[in-house]
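> Assemble the complex: chain A is given as a structure, and chain B must be docked to it using the hints.
Residue numbers (this note's numbering), protein chains in the order written: chain A, 1 to 294; chain B, 1 to 443.
Do not take every clue at face value.
The list that follows gives simulated cross-link-like pairs (lysine to any residue, SDA-like), each with its CA atoms no further than 25 Å apart [what the hints assert, rightly or not]: (1) B:Lys424 <-> A:Ser245; (2) A:Lys71 <-> B:Val429; (3) B:Lys424 <-> A:Lys37; (4) A:Lys71 <-> B:Gly206; (5) B:Lys424 <-> B:Gly206; (6) A:Lys71 <-> B:Thr391; (7) A:Lys71 <-> B:Ala119; (8) A:Lys71 <-> A:Leu57; (9) B:Lys274 <-> A:Leu130; (10) A:Lys71 <-> B:Lys273; (11) A:Lys37 <-> B:Phe439; (12) A:Lys71 <-> B:Pro75; (13) B:Lys273 <-> A:Leu130; (14) A:Lys71 <-> B:Gln394; (15) B:Lys424 <-> A:Ser74; (16) B:Lys282 <-> B:Glu329; (17) B:Lys424 <-> A:Asp247; (18) A:Lys37 <-> B:Gln394; (19) A:Lys71 <-> B:Lys337; (20) A:Lys37 <-> B:Thr216; (21) A:Lys71 <-> B:Tyr403; (22) A:Lys37 <-> B:Arg65; (23) A:Lys71 <-> B:Ser435; (24) B:Lys337 <-> B:Gly235; (25) A:Lys71 <-> B:Asp275; (26) A:Lys37 <-> B:Pro75; (27) A:Lys37 <-> B:Ala438; (28) B:Lys424 <-> B:Thr216.
Covered stretches of chain B, as calculated for chain A (at least 3 residues, CB under 8 Å) [unchecked claim]: (29) 60-72; (30) 80-94; (31) 249-258; (32) 304-318; (33) 392-401.
Below, a sample of chain B positions facing chain A; criterion: calculated Cβ distance under 10 Å [claimed, not checked]: (34) Thr192; (35) Pro357; (36) Val429.
Hints were generated in silico from the structure; no laboratory data involved.
This one's a predicted model, so the numbers in the text were calculated from it and none came from an experiment.
From the three backbone atoms N, C-alpha and C, an ideal C-beta is built for every residue, glycine too.
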Amino acid sequence: MSKTAPLQGGERSLNAYLFLAPFLLLFLGFTVYPLVKAISLSLQQTYGPGTSVFVGLDNFEYLVADPRFWKALSNTSFYAIASVLVQMPVALGLALLLNNPQVRGKAIFRLIFFSPSLVGIVFVAMLFGLIFEQRTGLLNTVLHGLVGFDLEFPWLETYTMPAMILAGLWMYAGFNMIYFLAALQSVDKTLLEAAEIDGAGIWQRFRHVTLPHIMPIGTFVIILSLIGSFQLFELPYILLDGPGSEDRGLTIVMYLFQTGFEVGDLGYASAIGWALTIVLLILGLVQLRLTRTK
Amino acid sequence: MTIGGVVCAMVITWQQREAAQTSEIWLFSPQHRDLYAPHIEAWNRKNPEMPFQLSLLSQQALERRLLSGFFSEIPVANLVEVVREMAPKTFAGPLDQIGFVDLTDRIKEEGIDELIHPAAFSPWTSRGRIFGLPHDMHTTTLAYRADIIEAAGIDLSAVETWDDLFEALRPLQENVGGNEREQVYILNFSLTDASQIEAILLQAGGNFFGPSGEPTLVDPLHAEVMCRLVNWVDGPNRVAIAAPEFRASGNFLKLEGLVLTNLMPDWLSSVWKKDLPELSGKLKLIPLPAWERGGRRTTVIGGTMMGIPRTSGDFEESWELAKQLYLSEEIAVSLYKETDIITPISEHWDHPAFNEPDPYFSNQRKAQLYIELVEDMPMRNASPYNNLANTCFQNALLQLRDYARANDAWDEASLMPIAMDLLKRQQAVLERQMSRNAFHSGS
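If we strip away everything but chain A, and leave its shape as in the complex, we get:
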């Protein structure tokens, strides 16, 4: 049997770089270059990438005092926080329900609850557009039939954010439920039995045994939902056909899109992008901190 001679220092590192080259090239081309370009763009004012002037930190100065940016940030933050506050209890509740051994037909319920997340956000936006429609919309028609509610009530104009939160709930509650269900199914049953023998009631068992066990998954789901919510774009874009009246549905990503791809100011859009990056970075650090503590 022949034996291959071990590679020497220079040859060894050359081989290593050759093997790494495909990844490095793609990483440099599609990750590092866009990042560097985004930094340089954020210091320019542009009309498309072909026409630009260097403006230093003007874009960031403008951003700080831009009422539309703050409106977009407050809308997005409101949506993100309210969505989490509404979605998490519902998702956990559904998961607890389906984790109950007495419930029959769990597979079907799982499919029913999960299925909205299969249809895509564009479909959800269009569906809720029909539900909230004035006069012929499902909501107004039902409320009018039940309590004589105003058929012309403009839900999307008056309660823009709650309408979007409701649409988000319908779409994502089942998806998040799957995470919680997986976490609940991994709770050690002997611990629950021991707690029951010790006289703990349902709430105490949930509070002191189940909840600490599923907390890491819960934290992960919350952070994931927050990050996803901060990237909200398609739902209001379709549901409101843009930012809605008085920018009530304007989100950070929608503002970035309008600025970069409708106005052509990629410089200011990059500055908005960096602001969003900072928000997401903070959320990421919070997650890191919380999961590390646990």
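Positioned in the frame of chain A, the structure of chain B alone reads:
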């Protein structure tokens, strides 16, 4: 993901090489495609060395592709039809960087400007330069439910102003019983419909921008328009309801006769014929009631142009085809027959097709009415900030409505100072955004 990116880039490059061999025309309207198809075939038989093909895209897709192409300076189609809302977005940069070829000199040299009313060029003219051939004019009339109104013995022929109209039709709005589902309103109008708002503002003599492109939101006339519109849709003597076009809820109101009149640009009548065939023979048209006695009896809603992108391979070929499609009498007549859109080329208006009665509108000679209104058409602006200005104006309107509701103050004297203040605030937002643009000043 990265592999996907590489594959996409290769596909795009390959498609561009393919596209370079055949010239493309991007359209958003299936009716326009059907209309142009035989002419393109004939053109291709005559010019086999430079064939054209029609590509139908949704308006959003066309906008995305065109703007992306312009901004990144990659080739797009050789000819493109774009709508009023989109064209100004391409005018934000320096004049020599605008994605469309400047057609001003050719239009003047060839006398095309003498064939078309100047107002039809206005939405496609940035800083005095024309970037597209106008496809239409879209003068606007008022359509009314003749079957209901005339049956009630009301004659609208003497109506001259909006106030006259509301006074004449008020009995029909008030005659309805308690069921809210059957409440009749006089006019289809909404404070959140940008095109309706701009149409009324233009009719009243307003404009979001002055001749040099400076924002002119703060104007007592605009404030007066706001006060009246707020009263139309929400005041104690409310007359209007939102019956949006292309939507089931809007069509329901129109079919049931729950909204009696509607702003009717020429293009919209073909939409109604298709979507609301039940209304055939039940409608009539009159010139739009004026804002005040002796005022303008029309406005303009929508519009389309054909532009030649700068990256178009052969300008002369594209220009020739564009002229053939837009200046030909045969196509102009077919355009009217298929879409009710009246050509802006005045010398074709003598064609008998434009004098035919239209059964859908109770056999009125509809085209003649639209043509008579051309001289009264308002000029529009082509500011890249027009959409933002419209949003700002709309925001001011909604805030004024909220104020009126909260204080139960609907009279003009109470609302005017508030309206002026709101306009000042919105103009500041607009000016702030405009001041960022180092490449564009003026309209």
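> Three residues or more, CB to CB closer than 8 Å: is that satisfied between the stretch 392-401 of chain B and chain A?
holds (count 4)
> Has the given pair, lysine 71 (chain A) with glycine 206 (chain B), been kept, meaning a C-alpha gap of at most 25 Å?
violated, 29 Å
> Compare the distance between the alpha carbons of lysine 71 (chain A) and lysine 273 (chain B) with 25 Å, and conclude whether the hinted pair is satisfied.
Not OK: lysine 71 (chain A) and lysine 273 (chain B) at ~42 Å, beyond 25 Å, violated.
> Let me know if the C-beta of valine 429 (chain B) comes in closer than 10 Å to any C-beta of chain A, holds or violated.
holds, 7 Å
> Are the Cα positions of lysine 37 (chain A) and arginine 65 (chain B) separated by 25 Å at most?
Holds: lysine 37 (chain A) and arginine 65 (chain B) sit about 22 Å apart, inside 25 Å.
> Three residues minimum, CB to CB under 8 Å: does the stretch 249-258 of chain B make the cut for coverage by chain A? Let me know.
The restraint on the stretch 249-258 of chain B holds, since 3 of its residues have a Cβ under 8 Å from chain A and three suffice.
> Grab the minimum C-beta distance from proline 357 (chain B) to chain A and call the hint holds if it beats 10 Å, violated otherwise.
violated, 34 Å
> Do the alpha carbons of lysine 71 (chain A) and valine 429 (chain B) lie within 25 Å of each other, as the hint requires?
Roughly 13 Å separates the two Cα atoms, so the pair holds.
> Do the alpha carbons of lysine 424 (chain B) and serine 74 (chain A) lie within 25 Å of each other, as the hint requires?
Distance of about 24 Å is within 25 Å: holds.
> Is lysine 37 (chain A) close enough to phenylalanine 439 (chain B), meaning Cα to Cα at most 25 Å?
Answer holds: lysine 37 (chain A) to phenylalanine 439 (chain B) is near 21 Å, not above 25 Å.
> Hinted pair, alpha-carbon criterion (25 Å max): lysine 424 (chain B), threonine 216 (chain B). Please report holds or violated.
holds, 10 Å
> Starting from lysine 424 (chain B), check that the Cα of aspartate 247 (chain A) is at most 25 Å away, please.
holds, 18 Å
Checked against the numbered hints given earlier, the structure breaks hints 3, 4, 7, 10, 12, 16, 18, 19, 20, 24, 25, 32 and 35 and satisfies all the rest.
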